[in-house]
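Each protein sequence line maps, in turn, to chains B and L. Each residue of the first sequence is one higher than the one before, counting from 1 in our numbering. Each residue of the second sequence is one higher than the one before, counting from 1 in our numbering.
It should be emphasised that the hints constitute simulated quantities derived from the structure, not laboratory data. One or more hints might be untrue.
Pairs involving identical chains hold if they fit within one copy or between any two copies, as the list cannot separate such chains.
Stated by the list, open to error - Subject to a maximum C-alpha distance of 30 Å in a straight line, what follows is the list of computed DSSO-like cross-link-like pairs (lysine-lysine): (1) LYS35 to LYS481; (2) LYS35 to LYS368; (3) LYS205 to LYS122; (4) LYS35 to LYS11; (5) LYS342 to LYS16.
All figures in this text were calculated on a predicted structure; none of them were measured in a lab.
2 protein chains.
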Amino acid sequence: MAKQKKAPRPKAVTPKGFRDYFGPEVTERAEMLSKIAAVYHAYGFDALESSALETLDALGKYLPDVDRPHAGVFAWEENDDGWVALRYDLTAPLARVYAQHRNDLPTPYRRYAMGPVWRNEKPGPGRYRQFYQCDADTVGAASVAADAEICAMLSDALETVGIPRGDYIVRVNNRKVLNGVLEAMGVTDEEQAADVLRTIDKFDKVGEDGVRELLGKGRLDASGAYIDGVGLTPEQSEPVIAFLTSKGATNEETLSNLTTAIGESLIGAEGVAELQEIAALLAAQGYGLDRIVIDPSVVRGLGYYTGPVFEAELTFEILDDKGRTRQFGSVAGGGRYDDLVKRFTGQAVPATGVSIGVDRLLAALREKGRIENHARGPVVVTVMDRDRMADYQAMVGELRGAGIRAEVYLGNPKNFGNQLKYADKRQSPVAVIEGGDEKAKGVVQIKDLILGAKIAENATHEEWKERPSQFEVSRDQLVAKVQEILDGQVG
Amino acid sequence: MAKQKKAPRPKAVTPKGFRDYFGPEVTERAEMLSKIAAVYHAYGFDALESSALETLDALGKYLPDVDRPHAGVFAWEENDDGWVALRYDLTAPLARVYAQHRNDLPTPYRRYAMGPVWRNEKPGPGRYRQFYQCDADTVGAASVAADAEICAMLSDALETVGIPRGDYIVRVNNRKVLNGVLEAMGVTDEEQAADVLRTIDKFDKVGEDGVRELLGKGRLDASGAYIDGVGLTPEQSEPVIAFLTSKGATNEETLSNLTTAIGESLIGAEGVAELQEIAALLAAQGYGLDRIVIDPSVVRGLGYYTGPVFEAELTFEILDDKGRTRQFGSVAGGGRYDDLVKRFTGQAVPATGVSIGVDRLLAALREKGRIENHARGPVVVTVMDRDRMADYQAMVGELRGAGIRAEVYLGNPKNFGNQLKYADKRQSPVAVIEGGDEKAKGVVQIKDLILGAKIAENATHEEWKERPSQFEVSRDQLVAKVQEILDGQVG
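Based on the sequences and whatever the hints tell you, model everything.
Pasting the structure below:
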């Protein structure tokens, strides 16, 4: 009989587009989210955690085609539920939750949610199929006071996590103003309106003249290709150009420019009035132009939202991949969307909210050195004599009692070099050594590993002698000396 | 032409066996996990967050049958990865992570992980298909000092989250001792050994005599059904009975009893020596029998683990569904399992760890009143005059500045009763009212909603007059008065 073939060993890999997060990557994100949550909580927002799975039906948008659902989500068929899918954002679950629990929830319902979402999209550098979102939304409040509140809260949240005032700006625009502008332009055809929206989406890249060309006859782009224009007359294009460039030195000036841009449009006037109310509310609360500003050049999201639109941008400069300086850019966006639960209940419910790009904000904080150093490893107590494990455990117990992260080396202690290599890999700040001689003398050796590494890198032999990185102290001075070294390393 | 049929509205429901978590349910769990993480961190454990998805191949255990994978996991086929699945615990991903990154990770690798896992099992009352786990494991440490450390850390974690000493006990057993007992019994057949294991698993329920019967000829159970026995002689059964009942007044006594139970078995002697070393290490660190104890009656997990096994039990009494008092029971368990990464690398790597039952521990803390009251809602500033929204926003700004959670009512303010109903639903402690009259007089009305509700429930009219629950204070006393009321409510 043939010997049964052994199953091949499985590959130790994540599915494509997924990754693992280690140590500080996890704790730094958790700390940032916890600070944001505290701000949201102070504003009266309640936490909500919905499950990772939703019925595909409830998620909407993406519906199963034939055998497989539309790409974009991870979806599969379950016997008792039909098609289910992993949530692709935190807004679709909010719609389902609000529709399901609306009789038990307060109205307005302010909620925040933080957690992973999943996208079945082509992964790329820095683009993963699982990533965190952090949202706050107010459901059931028609008043733009809710929008103003979201903007103020966003500003507070950014400062709380460590973005200094002056290094960010929250810009506010309004889709209704754009609708007014379209009316003023005489654009009534939906398709043409969509063309205009697509065009102003390029405002960031092509600027005022580019938009003018694209709204008119067309434009030769940088690569030499000719892009067909929307075909408006120069006169027709004027209101949208006026809209995009209406930002003045003050909100009043901006609003006055907008009033010109919208002409006689009623919906436009409503939009301008909303922006005016938001500006007034924020000014009354002391949020000046250095924090939140009316800025009609914000075009991202105008196609999706139905009223006020906001975006938080970090204004400090960083070097991009090619070494050029550029602004850090957007870290959060949101706005008003009034059809949140309509597909479930048939009833329009007003809602407004914001989503913070967790990974981008975290990257910005790292860039600015605003993250507490979580990378520092524990103090490592080495094992010189494996029969005296209890002695070493007592040391880490004392250190932890003083609030110092500490551990005993638990690998095979035979090779002492391995223990120090381990401490290096752990990014340990300090190693503690107590061999038989030390035990007999009632002392311990304490190595400052950070200083040791610095000296090994840079110092001359003279300096090395002058600045010892290893100290012998009496056993009862262990905690005090370790604390002293740790304090010195931070300073 | 027939009118196009509208798609039916989707149902606003979670998939079966899933649920949403609101407000305090989310924040109380997060706070508990954050306290546990701090303990793990102090012990030198590093955070790890792996993705929710794994290849089914890497998860192992559950492999696809024909079209559909084995029940138990949520699994589906992706074009570029083959079968993928949601993780069903945090140990299988650890095995994959360690195998994948072992050259970059320190050895030993201490890691903790907290997060949801998914089980495709029949849901029931209190049993959901998504739930949290909270694990700590040490990979690559063969020494039982690693097991002792896990036990000590578990004890610290329980006390840190709020389980007082005396209300819990960590019990330690060892699979090797049981193996020794099986040798002493002359049970060498694997199937018979499995039968013995299955039998002692029932020790909790059927007691010493029951186990005796089940190991021998069989037993008539409570329902009148006859359960076949394993068929051992009474003499053969003695060692396992001795093992299960070996717990003495001290660890020394227990270990001495175990030494008798294992007879001449070498593996048994190794197991006893391990327990002895664990007991000695813990005693040296001051963990007395009131916290961690050698207890061979702990049988849960003996079938799965390969060395020391631990379980944390809460010893205080609660009332069960039928009103009977019973001990709260187990909230955490773990042990040593030495084949963690072998299926990936072919190499045996020792590992030991613990998993805390997050929901059970949280339920215990609620039972003991050890959870900070997260249910208290925000102070609600009502809107009497919608044109003075800025005034109301200024109030919540001041309150938040003093660390008080506060919000302006953002629904339609026309019906004041609705605003107070809203405050009730929000479990607001205090409502603030400033109508035109108050504004003119420079005062605000402050309602103590908790006291108000109490008075409405219990008080006579006299008491009601003596203990007003509404106060008029000058506008500049707003924050101070609200603070005073909040302090009084806590006391």
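Here is what the structure says about each hint:
In this assembly of identical chains, the alpha carbons of LYS35 and LYS481 lie at most 30 Å apart only when taken from different copies (27 Å versus 33 Å within one copy). Proximity of LYS35 and LYS368 under a CA criterion of 30 Å is satisfied in both settings, with 17 Å inside one chain copy and 28 Å between copies. Taking identical chains as interchangeable, the C-alpha atoms of LYS205 and LYS122 lie at most 30 Å apart only when both belong to the same chain, with a minimum of 24 Å there against 53 Å between chains. Proximity of LYS35 to LYS11 under the C-alpha cut-off of 30 Å is found in neither arrangement, the shortest distances being 38 Å within a copy and 35 Å between copies.
Proximity of LYS342 to LYS16 under the C-alpha cut-off of 30 Å is restricted to the inter-copy arrangement: shortest distance 23 Å between copies versus 36 Å within a copy.
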